[in-house]
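Chains as they are written, first to last, in full-length UniProt numbering: chain A, 1 to 449; chain B, 1 to 449.
Since the hints were made in silico from the structure, they are not lab data.
Incorrect hints may have been included.
Repeated chains share a single entry, so a pair holds when one copy, or any two copies, can fit it.
Straight-line C-alpha distance at most 20 Å; calculated SDA-like pairs for lysine to any residue [to be verified]:
id: 1; residue 1: Lys208; residue 2: Ser2
id: 2; residue 1: Lys352; residue 2: Ala274
id: 3; residue 1: Lys155; residue 2: Ser183
id: 4; residue 1: Lys282; residue 2: Leu353
id: 5; residue 1: Lys218; residue 2: Glu129
id: 6; residue 1: Lys218; residue 2: Ser2
id: 7; residue 1: Lys282; residue 2: Thr367
Please read all numbers here as calculations on a predicted model, not as lab measurements.
Protein chains: 2
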Amino acid sequence: MSYAILAASLRSAIERQDIDAIRQLVAEMQLADLAEFVQHEQEGTTLSLLDYLPLDKRANAFGYLEEETQAQIAGEMNDTELVELLNHMSADERADLFKLLDEPRQQGLLRRLAQAERDDLRKLASYEEGTAGAVMTSDYVAVPSSLDVATALDKVRHTGPNAETIYQIYCVDDEGRLLGTLSLREMILANPKDTLASLMTEELVVAKVDTPQEEVAKLISRYDLLALPVTNGGDRLVGIVTYDDAMDVAEEEATEDMHKGVSVGKIEGSLRSASLFDLYRKRIVWLVLLVFANIFSGAGIAYFEETIEAYIALVFFLPLLVDSGGNAGSQAATLMVRGMATGDVRTRDWAKLLGREIFVAIGLGLTMALAVSVVGIFRAGTEIAMVVAMSMVLIVIMGSLIGMLLPFLLQRLRFDPATASAPLVTSVADGVGVLIYFAIATAVLGLPT
Amino acid sequence: MSYAILAASLRSAIERQDIDAIRQLVAEMQLADLAEFVQHEQEGTTLSLLDYLPLDKRANAFGYLEEETQAQIAGEMNDTELVELLNHMSADERADLFKLLDEPRQQGLLRRLAQAERDDLRKLASYEEGTAGAVMTSDYVAVPSSLDVATALDKVRHTGPNAETIYQIYCVDDEGRLLGTLSLREMILANPKDTLASLMTEELVVAKVDTPQEEVAKLISRYDLLALPVTNGGDRLVGIVTYDDAMDVAEEEATEDMHKGVSVGKIEGSLRSASLFDLYRKRIVWLVLLVFANIFSGAGIAYFEETIEAYIALVFFLPLLVDSGGNAGSQAATLMVRGMATGDVRTRDWAKLLGREIFVAIGLGLTMALAVSVVGIFRAGTEIAMVVAMSMVLIVIMGSLIGMLLPFLLQRLRFDPATASAPLVTSVADGVGVLIYFAIATAVLGLPT
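All chains, please: the whole structure from these sequences, using the hints.
What follows is the structure, given as C-alpha cells:
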C-alpha cells in the first residue's frame with residue numbers, strides 16, 4: 001500500500017482514538033513510512049506512536065528519523081528509557097544519536113552502559129563528521145582465516161543477529177588485521193571442509209577511517225560492493241560501511257553539489273526545518289561577493305559611456321547578451337563539474353574537451369546570433385543588429401570556455417571544482433561580455449564626434 | 001592498490017609486450033578498474049585484454065563497459081564468440097547488450113540460443129527504456145512458500161550460482177504470484193523445520209514493470225532494500241532490481257537533474273564520447289528560446305529610453321541588478337527542485353516554504369542593497385545609489401519568489417519541476433528586474449523635462 005493511503009488511515013485512526021487500529025497500522029507500516037509520518041505530525045502523538053512498536057523495531061525506526069526529531073524525542077525520554085533504546089540500536093546509528101546529546105547527558109548515559117558498548121560508542125562518536133569513521137558501523141562479522149567453512153558458518157549464526165550484514169565476512173589475523181574477504185554466498189556454495197583462507201579474495205577495496213565519505217560512496221558504487229571494510233592506521237579492521245548508508249551519502253553529496261552549483265553553502269538536515277538565519281547565511285556570502293565582482297562590468301560600461309550616449313538602443317540588448325554568456329557558461333561548467341564528480345571526466349581530459357567545447361560553442365554562438373539579429377533588425381536597425389550578432393557569437397564562445405575551463409582550473413588549484421557555480425561563471429562572463437559588446441559597438445559604429 | 005598505479009603498471013607491461021605481467025595484472029585488477037582501462041585505451045589492445053580473463057569474469061567485466069565500447073567489441077566478435085559471452089552474462093546485462101545490436105545480428109544470435117534463454121532475452125529486451133522492466137534481471141531465487149527452511153536452503157544452493165542475489169528469497173504460489181519475501185539471513189538463523197510461509201514478511205515493497213526507474217531507485221533507497229521485486233499486470237513475479245543497479249540509476253537521475261538545472265537536455269552515455277552535434281542540440285533549444293523571452297526585457301528598457309538618456313549612469317548597474325535577481329532566483333529554484341526530488345519537500349509544503357522564503361529574501365535583498373549602495377555612492381552619487389539600492393531589494397525578493405514558486409507551479413501543471421532551470425528563472429527575473437529598476441528610477445529621479 002502506498003504511503004499516502006496508510007498515512008491517511010493512521011491519521012483518521014488517531015483522530016478516532018482507535019487504539020487497535022493504530023496498533024495494527026503501525027505494525028504493518030514500513031519503518032521508513034512510519035518515520036516520515038512521525039516527522040510530519042510531531043504534535044503530541046510522536047512518542048506514543050513509536051511506543052506501539054516492540055523495542056528492536058522502535059530502535060530501528062529511530063534511525064529513519066531526522067536528527068532534529070531524534071534529538072527532540074530523546075530529550076523527552078528519561079535516562080533509563082534512552083539507555084534501553086541505545087542498546088537496541090545499531091552501532092553507527094547509536095553513535096549518531098549520541099552525538100546529538102549535550103555533554104552532561106552523554107556522561108550520564110555512558111555510566112549506564114556496559115564497558116564494551118561504552119568503548120565502542122566513544123570510539124565511533126570520536127571520528128570527524130564526513131569521514132568513513134563517522135558513517136561506518138562496528139557491527140560486522142570478522143573471523144580468523146584459519147577456520148573451515150562449517151565452523152565459520154556457525155560463528156556467523158552466532159553473531160548474526162547483531163551484525164549489520166552477514167553477507168560479507170571479513171577474515172583477520174590474531175592482531176585484527178584484515179587479510180581477505182568472502183561472501184556468505186561463496187561460503188554456502190563451498191565445501192564445508194574448505195578453509196576460509198583458501199576461498200577468500202585478497203584483492204581488497206578498503207577505506208581508511210579518515211577517507212572522505214563521498215570517496216567511500218564512490219568506491220561502493222564503482223565496485224558494486226555490499227559493504228566496504230574500514231581500517232585504522234595499523235591496517236586493523238575497525239568497521240564497515242554498508243551500501244544503504246552509501247546510498248544516503250551519495251544522495252547527500254549530490255544535493256551538496258547542486259547547491260554549490262548556485263553558490264549555496266552546505267545546509268545541515270532538512271530544508272523544511274533549517275533555521276531562517278542559516279538559509280540566509282548559506283546564500284548571502286557569494287551573492288554579496290558577486291556584487292563587488294560586478295564592479296568590473298560597471299567600470300567597463302562607464303569606460304564606454306560616450307558610445308552608449310550616442311547609441312542608446314545598445315542598452316536594449318545589454319541584459320540579453322550578458323545573460324546569454326552566463327547561461328552558456330553555466331551549461332558548460334555544470335557539464336564539467338558533474339562529469340568530474342561521477343568520474344566520467346578526468347583532469348587529464350581537459351585538452352580534448354576544450355577542443356570539443358570550442359566547436360560546440362561556435363555552433364551555439366552562431367545560432368543565437370542568428371536569432372538575436374532577427375529581433376535586432378526590427379528593434380534597432382541593421383547596423384546595431386550586426387553589432388549585437390557579432391557580440392553574441394564572441395560572448396557565447398567566451399562564456400562557454402570560461403565555464404568549461406574554470407572547474408579544471410579549480411581542481412588544479414586543489415579547490416572543489418563544484419565551486420565553479422552558475423553565479424560565479426555569470427559574473428566573470430558578465431565583465432568580459434560588456435567589454436566585448438561595447439568594444440565591437442565602438443569599432444563598428446564609430447565614436448560620436 | 002589504487003587504479004592509477006595499476007593502470008600505469010598495465011600500460012608499461014603492454015608496451016613491453018610482457019604477457020605474463022599482463023596476465024597477472026588483469027587477474028588482480030577489480031573488473032571495474034579493468035573496464036575503465038579498456039575504455040581509455042581502446043586502440044588495438046581492447047579485445048585482447050579481456051581475453052586474458054576466464055569466460056565468466058570476462059562476461060562480468062563486459063557489464064562495466066560503456067555502451068559504445070560494448071557495441072564496438074561485440075561488432076568485432078563472431079556469432080559463436082558472442083553467443084558464448086551472452087550465455088555467461090547476467091540476464092539484465094545480456095538484454096542491455098542485445099539491444100545495442102542491429103536487427104539481423106539479433107535474429108542470428110537468437111537462433112543460436114536455447115529456448116529458455118531466447119524467451120527470457122526477448123522479454124527483457126522488450127521493456128521500455130527507463131522503466132523497472134528495462135533495469136530488472138530475471139536471475140532471482142523464487143521458491144514455493146510451502147517449503148521448509150532446510151529444503152529451501154538446498155534450492156538456494158542449487159540456483160545460487162546463476163542468481164544475481166541469493167540474499168533475498170521470494171516466495172510464490174503455483175501461478176508464480178508473489179506472496180512474500182524473506183532474507184537468507186532470516187533463513188540461516190531460523191529453525192530448519194520451519195516453513196517459509198511462517199517466516200516470510202507479507203508487507204511487500206513492489207514495483208510494476210512499467211514503474212519509472214527513478215521511482216525504483218527511490219524505493220530501494222527509502223526502504224534500504226537489497227533488491228526490489230518487480231511484478232507484471234497479473235501480480236506475477238517477473239524480475240528483481242538489485243541495489244547496485246539502483247545506485248547507478250540514482251547517479252544517472254541526479255546527473256540528469258543537474259543538467260536540467262542549466263537547461264541541458266538528456267545526454268546518453270559519456271560526455272567524452274557524446275557527438276558534438278548531440279551536445280549542441282541538447283544545449284541550444286533553451287538558449288534560443290531565452291533569446292526570444294528576452295524581448296520583453298528589451299521592450300521594458302525601450303519604454304524607459306528617456307530616463308536612461310537623462311541618467312546614463314543607471315546603465316552601469318543594469319547587469320548587476322539583473323544578475324542579482326537571477327542568481328537569488330536560481331538559488332531558490334535549485335533548493336526547491338532538489339528538495340522535491342529527494343522527498344524532503346512535498347507539494348503540500350509550498351505555503352509554509354513561501355512564508356519562509358519571503359523572510360530570507362528580504363534579508364538577502366537588504367544586505368545586497370547595502371553592499372551595492374556603498375559601491376553606488378562612489379560611482380554615481382547619492383540619488384542613483386538610492387535608486388539602485390531600492391531596486392536591489394525588490395529585485396532580489398521578486399527573483400527569489402519566482403525561483404521558489406516556479407517548481408511548485410510546474411509540478412502542479414504536471415511538468416517536471418527540474419525544468420525550473422537557472423536560465424529560465426534568470427530570463428523571467430530579468431524582465432521583472434528591468435521594469436522595477438527603471439520604474440523606481442523614473443519615480444525617484446523624475447522624468448527629464
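Hint by hint, here is what the structure shows:
Taking the shortest Cα distances, Lys208 and Ser2 sit within 20 Å of each other only across copies (13 Å), while inside one copy they are farther apart (40 Å). In this homomeric assembly, Lys352 and Ala274 come within 20 Å of each other (Cα to Cα) only across copies, at 13 Å, whereas the closest approach inside a single copy is 42 Å. Both within a single protomer and between protomers do Lys155 and Ser183 lie at most 20 Å apart by alpha-carbon distance, with minima of 14 Å and 18 Å respectively. Taking CA atoms no more than 20 Å apart as the test, Lys282 paired with Leu353 passes between copies only; the shortest distance there is 17 Å, against 32 Å inside one copy.
In this assembly of identical chains, Lys218 and Glu129 lie within 20 Å of each other by CA distance solely inside one copy; the values are 17 Å within and 25 Å between copies. For a Cα distance limit of 20 Å, the shortest separation of Lys218 from Ser2 across copies, 13 Å, qualifies, whereas the shortest one inside one copy, 31 Å, does not. With identical chains, the CA atoms of Lys282 and Thr367 are at most 20 Å apart between copies only, with a shortest distance of 13 Å across copies and 37 Å within one.
In this structure, none of the earlier numbered hints is contradicted; all agree with it.
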